[in-house]
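Colleague: Read off the chains here:
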Amino acid sequence: AQKITQTQPGMFVQEKEAVTLDCTYDTSDPSYGLFWYKQPSSGEMIFLIYQGSYDQQNATEGRYSLNFQKARKSANLVISASQLGDSAMYFCAMREVAGGTSYGKLTFGQGTILTVHP
Amino acid sequence: NAGVTQTPKFRVLKTGQSMTLLCAQDMNHEYMYWYRQDPGMGLRLIHYSVGEGTTAKGEVPDGYNVSRLKKQNFLLGLESAAPSQTSVYFCASSSRLPRGRDGYTFGSGTRLTVV
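Protein sequences appear in the order of chains A and B. Read the first sequence against our numbering and you will find it ends at 119, with the numbers running on by one and no gaps. Read the second sequence against our numbering and you will find it ends at 797, with the numbers running on by one and no gaps.
Be a bit skeptical, because a hint or two may be false.
[Stated by the list, open to error] Label pairs and their calculated CB-CB ranges:
1. S700/B x S81/A: 41 to 51 Å
2. S43/A x K696/B: 20 to 30 Å
3. K691/B x N68/A: 34 to 44 Å
4. E18/A x R778/B: 15 to 25 Å
5. V694/B x S43/A: 12 to 22 Å
6. R783/B x G44/A: 18 to 28 Å
7. T689/B x I114/A: 40 to 50 Å
8. P41/A x D784/B: 33 to 43 Å
9. F13/A x S790/B: 26 to 36 Å
10. G722/B x K74/A: 15 to 25 Å
In short, the hints are calculated from the structure, not lab data. Where a beta carbon is used, it is the ideal one built from N, C-alpha and C, also for glycine.
Chain B on its own, in the form it takes in the complex:
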């Protein structure tokens, strides 16, 4: 099925380790986003991209880096993981003016624990 695929689905990291979360979409969407979800805070935007080769900071970008070398892929990197980065991470993609049911497509999430 068309959609957004996130890998991995679960990961446990030790403090200081690095990792990359991969997001892949096959809907030819221009825009892609990384959100983190924490209890009581909803989803907060980490970084986003409006096209291949472009990235921009969202609301909570510190401690994360991103890259979008190909239109269909959006990578989220943690260079030196901290316990505060324990969260559920969602990738999403959209067209340029998202509306309605097809406005946004979300991945299934990555549950990351940093110990």
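Isolated chain A (complex conformation):
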């Protein structure tokens, strides 16, 4: 079963507007971590934001915020005031603890390509 689902293969946004990238996950582990990464055309993986399953507040990192809805198992990334440089592939990923045997393995979603129009 797919553990991380990103249902938007591609998204378009106008420069300076906000955009939400969707991510749902599936786990029975009460302790897990959710990551978002950006992959520009140059190929490197750039960390954007992290949310722990026990964190009370939604995570924020500058223009990035994570809309964490634990009961719905969703962890949507919100990018405010989009910039042309935000055009990239975005990945949602989950790290489970699973009784201490997950060994930090990250499971990735399929990714969403974001295009920012001027």
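Using the hints, position chain B against chain A.
Modeller: What follows is chain B alone, placed relative to chain A:
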């Protein structure tokens, strides 16, 4: 700069040839991982290691072997390359409970084409 270094960055192989991808990290991380990235499928775990001398299979291990003889190095081998192994390969390392910005460090990737 500290981080994860992958070599080579690009490689073209003929079907049946073998090669080794090298990953080196200088952050004293216990865990290391090899992922492959294919269009529409995100990154999928090939093999991982939880310490020197240990390796384990991930989601897509067939056709690959790995070794971790030293803590800082994690090698990915293709014994007999196939066109289906054309992909971008990423190495990553982490501490035992990765979280936040420093949770995982990724290499810059290796683009492998098998013809």
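Colleague: Give a verdict on every hint.
Modeller: Hints, one by one, checked against the model:
1. S700/B x S81/A: 41 to 51 Å: This hint holds: roughly 48 Å between Cβ atoms.
2. S43/A x K696/B: 20 to 30 Å: holds, 28 Å
3. K691/B x N68/A: 34 to 44 Å: Cβ of K691/B to Cβ of N68/A: about 36 Å, so the range 34 to 44 Å holds.
4. E18/A x R778/B: 15 to 25 Å: Violated, since E18/A and R778/B (Cβ atoms, about 40 Å apart) do not stay within the stated range.
5. V694/B x S43/A: 12 to 22 Å: holds, 20 Å
6. R783/B x G44/A: 18 to 28 Å: At roughly 20 Å between Cβ atoms, G44/A and R783/B fall inside 18 to 28 Å, so the hint holds.
7. T689/B x I114/A: 40 to 50 Å: violated, 28 Å
8. P41/A x D784/B: 33 to 43 Å: Violated - the Cβ-Cβ distance for P41/A and D784/B, about 21 Å, lies outside 33 to 43 Å.
9. F13/A x S790/B: 26 to 36 Å: Between F13/A and S790/B, where Cβ atoms are some 28 Å apart, the hint holds.
10. G722/B x K74/A: 15 to 25 Å: For G722/B and K74/A the Cβ distance comes to about 22 Å; the hint holds.
When held up to the earlier numbered hints, the structure conflicts with 4, 7, 8 and fits the remainder.
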